[in-house]
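Asks: Take the two lone chains and join them into the complex the hints point to.
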Amino acid sequence: MTEATQPIQRRAIALVSGGLDSMLAVKVMQEQGIEVEGVNFFTGFCVEGHTHAIRKKDQEKQKRNNALWVAEQLGIKLHIVDISEEYKDVVLNPKHGYGAHLNPCLDCKIFMVNQATLMINKARELAGDRGFDFIITGEVIGQRPKSQRKETMPIISQESGADDRLLRPLCARNLPATLPEREGWVDREALYDFSGRNRKPQMALAKRFGLEEFAQPAGGCCFLTDESYSNKLADLWKARNERRYELDDIMLLKVGRHIRPQPHYKLIISREEGENRFLEGYRYQFTSITTVSCPGPLALVDGQFHSDEELAQAAAIVARYSKGRVMDEVTLEIRQPDGVARQVTVAPAHPEAVLPAWNVG
Amino acid sequence: MNDTVHELDVRRLLCPMPVIKTQNRIRTLATGDTLKVVCTDPGALNDIPAWCRINGHEVLETGEQGNEVFVVLRVGEDNGALF
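Order-wise, the sequence lines are chains A and B. Here the first sequence is numbered in the UniProt record's numbering, starting from 1 and rising by one per residue. Here the second sequence is numbered in the UniProt record's numbering, starting from 1 and rising by one per residue.
Next comes chain B alone, as it looks inside the complex (with noise of 0.2 Å):
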């Protein structure tokens, strides 16, 4: 585990997209490697977290920036990179 935020831009995409790419971006990282997603489609703040739920990677804080939203995220113990 390190103090280094990703941060995974995903604006203009709209759900799946932000979900697959967080998925994909995860599978790079480390257990315990905390990811910030950055994105424009408001249905990012329920798929995403969700994905994470399912996936047991843990939410650290979602919240809104102006037309912007973003989920924070650790990455558990199953980066999934098997696929």
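Bound-form chain A, shown alone (with noise of 0.2 Å):
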């Protein structure tokens, strides 16, 4: 080199979910002088978050968002992006298939890293050398059986076009070198070899950042990964005879308790203090049903009662989770989502009467 030049700081996006595993690899670049930036993708079914706003309960035990809680430890900005409309055609039509639920993991991580490969190569036409060179994820061979084996690594860098901008710092190591390791912007021999299920090599990594606190949701932090979740998507598929879904339907089986009487309707009951105010607001979306002479639930009617006997046994159903469940008689108000009312008073469902196959999810 005959002139004294500054090294580029290179620079790269992460994708940061809020677990363990990404923070490490954010963690892994940082040590080796890489400049770090996250990104989040809401796609509707995240975790993360609404559960927390939603339940009451859960919102005493624990309001913080994850992803923002491990940029904050990181020392490292988040941008957080709605995918959620264009997330649709990964759930409904997912090239690879699904997992063991209705979770398509590999084609929901070739969706997210070509999302963050364009938004490199934007960051990189606006802003040249301050753009990102590269991307990282948290993934370790192995670790996912869908998404995160062997096979799959390869793919995900080809059908993204992310291609050898792609890293995983936690298992470089067992893959073919990529361009910052090429170019010697990263040093291979300081990134990792893991795989498998085994958790105790991140552990052993996390106590060595000085780590002590972080989240390890055990299904991931996606509800399309939950048996009861994907349950209650596919029987929201099955009543409306079609696969779509909006974003006020897959918030909404987040929350409540789902029972089915009829394939033409279902009510969705809330469970407590949280999930009745969630449910309020969708009050002028759905036919509801709240009762009058005793304290009770809310519940929505998502679909169409063809007959009063219909009306009558959604309303004997709700009563049945109120607190007048013993009393011979309940009265409550069916609301339409145009505020008119109307009163009918019944007798609370027997629990037996509620039959188990009504329960959805």
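For the record, the hints were derived by calculation from the structure and aren't laboratory data.
With a cut-off of at most 30 Å between alpha-carbon atoms, the simulated DSS-like pairs for lysine-lysine come out as follows: (1) K77/A <-> K21/B; (2) K122/A <-> K77/A; (3) K238/A <-> K95/A; (4) K21/B <-> K122/A; (5) K200/A <-> K77/A; (6) K27/A <-> K21/B; (7) K150/A <-> K200/A; (8) K77/A <-> K36/B; (9) K21/B <-> K88/A; (10) K122/A <-> K88/A.
Replies: Written out as structure tokens, the structure reads:
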């Protein structure tokens, strides 16, 4: 080299879920002098945040959003991107199929890395060297049965368009060298070769970095890996006779007790105050049922009653979950979305009259 | 910098949507601008200030009014418009 040149500060975008692996991947990069910013994608199925917002119990236990918390611990910026609309195609038509439930994990990862690729391309176009050079994820070979396998790693790199600008710091040494390694932006020897479901290497690395507190969601951070949730989504498609959803639909699947006494209607019954408050916001879109003669839950009716008998049946079910469940009669109000309401008085349904088969999820 | 307080209504949206809407609105504002975000999800009182701390925006005030919560913030040096 004949003239002194200031080395370019290399920058990476990290996919941050809020879990330990992406946290460690960022730490490994920071240790190598890479400047990292995080991106977190909101699909509509994210566990983060919602359950805390909806359920009072959870809210008291823990209010924080882990992706934000992780970013703060790491000292990185975090961009949160709403991909809920585009994500429908991933859920409805996964090219690589589903995992154990309705989780399209491989298509999901490809989609997210593709989104990150578009972001770094745009940033490089706008800001040149102040843009981003590559993408990192916390993926570990063998960690997740559907998406994180040795043979899926190159598929994600290729189909996302990221190609060799996608680096997995926690398992890079088990994979061919990527652009940041070949160019010497990062030292391959200081990367890791984790594989399998054993979490001990991650725990040891967390300890070395002095990380004592981190979130470890059992089923990942997505409701689609949850059996009960996937069942509710499948039920929704079956009842509508078509595979489609709106954001409100998938939000409501996270809330309340779902009971389908007839193929053409379902009740969503709140289980406590937080859910009550949440469902309240939907009374202008759905027919709703509340108890009048005693305290009780709020129920939304997803679908239509075909007769007054069905309406009475629904009212009796809601009464069964009210404080008046032991009384002879409970008066309830059935309100249409336009505010027109009528009252009915019914005997609360006997617990055995609410058939187990009606429980969705 | 000017004295206008921009307002963002994210009532009825659940976290992280209030944070996302705040972030996207900030991208259209200039350094020093003031934005008041009004929400019904109490989680926003934690999440919006956390997002502001991370991304270099200053939280001027937070509070509750009945069933609503609000966050007043001042846009920092980088409004994030790169994305």
